[in-house]
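J.: Sequence:
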Amino acid sequence: MSNRNMIFMILFALVIFVGSKSVYVIKETERGVLLKFGEVVNPDIQPGLHFKVPFVNNVRKFDGRVLTVDSQPEPFFTQEKKALIVDSYAKFRVSDTTKFYTATNGEEARAMGLLAQRINDGLRNQVAVRTIQEVVSGERDELMEDLANDLRDVVKTELGVELVDVRVKQIDLPRDVSDSVYRRMNAEREKEAREHRAQGQELAEGIRAAADREVTVIAANAYRDAEQIRGNGDAEATRIYAESFNQDPEFYSFTRSLKAYQESFQGQGDVLLVQPDSEFFRYLKDSSGGK
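Residue numbers for the sequence shown follow my numbering, beginning at 31 and rising by one.
Simulated from the structure, these hints should not be mistaken for lab results.
Just so you know, not all the hints are guaranteed correct.
[Claimed, not checked] Calculated cross-link-like contacts (lysine to aspartate or glutamate; reagent style EDC-like; alpha-carbon spacing at most 16 Å):
#1 Lys121 to Asp195
#2 Lys91 to Asp74
#3 Lys121 to Asp180
#4 Lys199 to Glu104
#5 Lys129 to Glu69
#6 Lys199 to Glu172
#7 Lys186 to Glu138
#8 Lys57 to Asp74
#9 Lys112 to Glu164
#10 Lys129 to Asp93
#11 Lys199 to Glu175
#12 Lys186 to Asp126
#13 Lys91 to Glu137
#14 Lys121 to Asp100
#15 Lys199 to Glu169
#16 Lys82 to Glu69
#17 Lys129 to Asp74
#18 Lys129 to Asp183
#19 Lys91 to Glu69
#20 Lys111 to Asp202
#21 Lys199 to Asp100
#22 Lys121 to Asp93
#23 Lys121 to Asp183
#24 Lys91 to Glu138
Model, not experiment: these values are computed from the prediction.
Can you build the whole structure from these sequences, using the hints too?
T.: Written out as structure tokens, the structure reads:
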């Protein structure tokens, strides 16, 4: 290979190398800044294909989408000096690329760390002026709204990011306190359950006693009515018998004697000792009864 061809190939490779260093692309999801010897000369490069001066200009790209910083759970003290473990997260996006680059050197992880630190400081201040009840349920939404309002201007000025939202994921008591609270709550629930059982048993006994009393009253009334009906029936039967027997007293006497004979001589070994002229044999001697 001749020296001329070698020089041509070297120049061609150099052009390709310089050209690759002169062209860059900014995506729709990215934000970029153009630097000249480390100084920002274009803080907001629009998406698309761009050119730069190799070895003079440098381009730093940042994610332009909404990012999430998940803070580690931290202990905070309430107004009553009670400890709470608060777990939170925040949504943010890069708004001022120049400020973001100078504050974090363009490092996303560093920006998240600084933002998480400021969120924890804000949470500490917000929790310190509220009671446990207010933090857990009463003013939880207000707490997050106040925290976001306090931090928006600060993080935009210091870090060059827009704070979209701040949310508290979870609020817990410390381990030793939560165990104590759980035991107390368990004891209270058991006490309440015993009270409900006692009230239920008392109510059941009252219902059972009322039912037994009602059964006794109903049975007594039924027995009274039955005896009255039975007495009225017996009286009516006696009246009917009396009227029937009064129509022919001799026939009534005759049927009574026959019934007495039947009941007296039911068994084969029955023995009856009476006088032969006894009234018992009145109709055996004479069917007319002595008339």
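J.: Each hint: holds or not?
T.: Hints and how they fare:
For the hint linking lysine 121 to aspartate 195, the alpha-carbon distance of about 5 Å falls within 16 Å, and the restraint holds. For the hint linking lysine 91 to aspartate 74, the alpha-carbon distance of about 10 Å falls within 16 Å, and the restraint holds. The hinted pair formed by lysine 121 and aspartate 180 meets the criterion: a straight-line CA distance of about 15 Å does not exceed 16 Å. For the given pair, lysine 199 sits about 12 Å from glutamate 104 by alpha-carbon distance, which is consistent with the 16 Å threshold.
Using a Cα cut-off of 16 Å, the hinted pair lysine 129 and glutamate 69 holds, with the two alpha carbons roughly 12 Å apart. Annotation: proposed proximity of lysine 199 to glutamate 172 holds, straight-line Cα distance about 15 Å (limit 16 Å). For the given pair, lysine 186 sits about 15 Å from glutamate 138 by alpha-carbon distance, which is consistent with the 16 Å threshold. In summary, the hint linking lysine 57 to aspartate 74 is supported, as the alpha carbons are separated by about 13 Å, within the 16 Å threshold.
Restraint check for lysine 112 and glutamate 164: satisfied, since their Cα atoms lie roughly 13 Å apart, inside the 16 Å limit. As the CA atoms of lysine 129 and aspartate 93 are separated by approximately 15 Å, the hinted pair is consistent with the 16 Å bound. Among the hinted pairs, lysine 199 with glutamate 175 is consistent with the structure: their alpha-carbon atoms are about 14 Å apart, no more than 16 Å. Distance check on the hinted pair: lysine 186 and aspartate 126 sit about 8 Å apart at the alpha-carbon level, within 16 Å; holds.
For the proposed pair lysine 91 and glutamate 137, the alpha carbon gap of about 10 Å is at most 16 Å, so the pair holds. Between the alpha carbons of lysine 121 and aspartate 100 the distance comes to roughly 9 Å, so the proposed pair stays at or under 16 Å and holds. Among the hinted pairs, lysine 199 with glutamate 169 is consistent with the structure: their alpha-carbon atoms are about 15 Å apart, no more than 16 Å. Under the criterion of a C-alpha separation no larger than 16 Å, the hint pairing lysine 82 with glutamate 69 is consistent with the structure, at around 14 Å.
For a cut-off of 16 Å, the pair hint linking lysine 129 to aspartate 74 stands: about 12 Å separates their Cα positions. Straight-line distance between C-alpha atoms of lysine 129 and aspartate 183 comes to about 13 Å, which keeps the hinted pair within the 16 Å bound. Annotation: proposed proximity of lysine 91 to glutamate 69 holds, straight-line Cα distance about 15 Å (limit 16 Å). Restraint check for lysine 111 and aspartate 202: satisfied, since their Cα atoms lie roughly 15 Å apart, inside the 16 Å limit.
For the hint linking lysine 199 to aspartate 100, the alpha-carbon distance of about 10 Å falls within 16 Å, and the restraint holds. As the CA atoms of lysine 121 and aspartate 93 are separated by approximately 13 Å, the hinted pair is consistent with the 16 Å bound. Distance restraint check for lysine 121 and aspartate 183: the Cα-Cα separation of roughly 15 Å lies within the 16 Å cut-off, and the hinted pair is therefore satisfied. With a C-alpha separation of about 10 Å, the suggested pairing of lysine 91 with glutamate 138 holds against the 16 Å cut-off.
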